[in-house]
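Model the full structure from these sequences, guided by the hints.
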Amino acid sequence: MSALRAEESLLALRQQEELEDLPKEYPLSTSEDEGDSDGERKHQKLLEAISSLDGKNRRKLAERSEASLKVSEFNVSSEGSREKLVLSDLLEPGKTSSSLATVKKQLNRVKSKKTVELPLNKEEVERARTPMEQEIFNLLHKNKQPVTDPLLTPVEKASLRAMSLEEAKMRRAELQRARALQSYYEARARREKKIKSKKYHKVLKKGKAKKALKEFEKLQKVSPSAALEELEKIEKARMMERMSLKHQNSGKWAKSKAIMAKYDLEARQALQEQLARNKELTQKLQAASESEEEEEGAEDEDEMLVPDAVNEVRMNADGPNPWMLRNGPGEAEELDIQKDPEQPPEPVAHEASESEGEENPVAEEEMLLKELEERRSLRKKPGLNQDAKPVGRRETKDSSSQEVLSELRALSQKLNKENHRSTKQKVSSARTVLPVQREEAADEEEEPMLLQRPERARTLDELEELGREGCFQDKERPRPAVNGQWLERKPNNQPGAPKEKPKKEQMIDLQNLLSTKSPSVKSLAVPTTVEEWEDEEEKDQRQMIKEAFAGDDVIRDFLKEKREAVEASKPKDVDLTLPGWGEWGGVGLMPSAKKRRRFLIKIPEGPPRKDKNLPNVIINEKRNIHAAAHQVRVLPYPFTHHQQFERTIQTPIGSTWNTQRAFQKLTTPKVVTKPGHIIKPIKAEDVGYRSSSRSDLSVVQRNPKRLSIRHKKQLKKNSVD
Amino acid sequence: FGEEEEPLHTILGKTVYTGIDHHWKEAVFATCGQQVDIWDEQRTNPICSMTWGFDSISSVKFNPIETFLLGSCASDRNIVLYDMRQATPLKKVILDMRTNTICWNPMEAFIFTAANEDYNLYTFDMRALDTPVMVHMDHVSAVLDVDYSPTGKEFVSASFDKSIRIFPVDKGRSREVYHTKRMQHVICVKWTPDSKYIMCGSDEMNIRLWKANASEKLGVLTSREKAAKDYNQKLKEKFQHHPHTKRIARHRHLPKSIYSQIQEQRIMREARRRKEVNRLKHSKPGSVPIVSERETHSGSVK
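Line order of the protein sequences matches chains A and B.
According to this note's numbering, the first sequence is numbered sequentially starting from 1.
According to this note's numbering, the second sequence is numbered sequentially starting from 1001.
Honestly, the hints are just simulated from the structure, not real lab data.
Just so we're clear, the structure is a prediction, and the values are computed from it rather than from any experiment.
Note that beta-carbon positions come from the ideal geometry of N, C-alpha and C, so glycine has one too.
Be aware that one or more of the hints could be misleading.
[As the list claims (entries may be wrong)] Computed spacing ranges between beta-carbons, pair by pair: (1) A:599 to B:1295: 45 to 53 angstroms; (2) B:1227 to A:218: 55 to 63 angstroms; (3) A:651 to B:1249: 20 to 28 angstroms.
In structure tokens, the structure reads:
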């Protein structure tokens, strides 16, 4: 009813509107259609506005409710019912199928059920049910920690508020960086974990061992207590090894490897490695220096080799050639003796140098000894011996003096040799300097050069005695100028002087000497020793090489090889004898000499070998097939002799062997053309022919080579240029 | 383009025309068919007609240097040289098989090359026509056209086997061969006047443009590039006799038909050669004359 009334009022309004509108619209148009359509729109709007006033029933837009001739699904109207007609209603089936009904029921049931929402209600969580929970909650509350797990804890919130924007940004950047780094390291660790190659792991292990050693050394210096702890660890490892006997090659693996070891080199090596490891781990740590400290996983086999090698092999040295085989250290002394009788005819300077040389090594022997031990101790016993050095040194020297002596003997030989040859002048120059420093006059001249003794000097003290004796005897002798300190000391070496003091002085002075770099100009004696000591590793290496080749007589072997090569390359005589033709033949019967002579074809000697006059060279003159594949086989046509061809090939054309201009000249092509430039056929004038007035005659110019400028221009324009 | 062009001047002739060539300098051109006619551009009648023999003439070419000379190929296996000034034929050489075209060397006045049906090309010296200067053998079918490079050092030949070959003037073998699956019998070939490209027209109605030096870099080169290129070229020349360099320089991929033909012809040639050698070996020395390849291809001169 109200709707009807609304309509009526609207109609009235409309009419009024129309009346109002008409005068307005009059000038524009008078078509009724337009006015009608306008009015209808307005009417609709009114309806909508009114219906929206009462908020209860929302009337949707009315469908088109006009009658139309075409009856289609788009024109269906529902006038009477005042309901909206929806297409889906028309499409609905009359009866619902039974199968869907059950599904629908299920769906409804599910919808109606209440679902449990997770996370649980906050109230439930915060309720502390048990006393333990209560305690926890109390604690959390005390420390302002959150009970649940929020995005930002209150602490973090507070800190955020405290920071300013920039700080926050910085912090975020830092966090990002840290995260990126972490992810990188994680990825890297993951990658490294996957590596399975044995070689890689071996190398890694070795590297780690070395690093551990270095760190241990550092630790020694920094905090000895921590170092002691490390040592304790090593002790523990040793104990474990001794008790468990893990690396004794008695397990399943070892047994299986042992079966294979007969045939397989690698298996053998693996077993030996196990045993070696066992040995390492069970080694006792001693105060003395000889035993090595092993840290877990350290394999200092290289370093072990050197002292072992030195222990085992004796020094074999010939005078001039350290490579040649000689018997032993006894030889060295014999050599010295041999040298000495040669010397008396030579001037005093020689003798002086000899004696110096002899005594220098003797006295320097101790010097060298000390240094060796020092170095070795520094390298191999990281922590222990720094405290025990002065004490330990003597003992170590005692025990290892034998090894060192042999080295030193070799050195002394070298020194002798060098002193022999080159220090004559230096000594003479030193002589002029020395008189200034000398305090006492030189009286004694002759004395036994070599302090010969039946026994070797076994302890350091004996060595020092030797040295001292030598020094005492030769205190008047001129000494190399470099050893100024020595010279000062010489007068001090009185017979009654205490042993210790000069020795200590020597030690100290030697230390100073060796630490500073001596100028290499003045004399050869000391610098050589200094240099020797400066690369000890080289010395060790040379030592190793000497030992390796101790059994080879290199020259003899080489000559043998050369003879064999020469024999092999000689063209051999052809023997064509057929035993049994014209005579008895059989096993063990040789044809007669006459027959052999008849059928042996001697081949003339080939050209002389290139290494004929070079005794220390073998030149292989065999034809190399692989190289021959790349070489020219037939002499090319224009050449008549292979030398000509070779010479043309020999001349280099590249820019590395020629100057730039020469290179350009050598590599200019014969024909140069420009793209797009038309090349015209040659004309007689270009070559120098000038046609006379008679066209059937062509005359050659007097100087055909001298072209006129015009011709030259033409040439450049037209033809190949 | 697209517009119909009308000829400027139409001349109606009495005989059939099979070839035409223009003078290099004057406003004169020559045609050939039954005889060789020399025409002036303005006239409708030939200035003079020359003929020697009764057979049709297939092509005619003017000499670019001595511009009064012409050469023509006739179907009775001959090549005739004419002098335009005297309006007479000069010399004639008869070969074993018919020549399809000839081409004059733009740098040597008296050298011309004839493309023959017997798969070879013959370079003749005009002054001594009895034996060819060089016999170029590499094609496996009739050679249809030949054209010289403007440098006068090489020429290109088109053949009935579907390939083009580039020959150096002084060598008997080709230095380059161009072929494509799409390219069928090549009828005509031309070398561009700047000596960089080669154009060929073939049976399947296509014209192709090729580079004269296949491995050359086109365009402007920097000085360093030029130096490197020259150096490499020089090195190739220097070491050209070394087996591997030779192998690499000579190696070309060939279509199967051409390759198998080559093998076949090699076998045949080898057989003939073996026979010759055996005959020489087993006969009295001096009784069997040793004839070079060039001489075997000589023609009779008139």
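> Falls inside 20 to 28 angstroms, the C-beta gap from residue 651 (chain A) to residue 1249 (chain B)?
Replying inline: holds (21 angstroms)
> Does the hinted range 45 to 53 angstroms hold for residue 599 (chain A) and residue 1295 (chain B) at CB?
Replying inline: holds (51 angstroms)
> Does the Cβ-Cβ separation between residue 1227 (chain B) and residue 218 (chain A) fall within 55 to 63 angstroms?
Replying inline: holds (59 angstroms)
Of the numbered hints stated above, none is contradicted by the structure.
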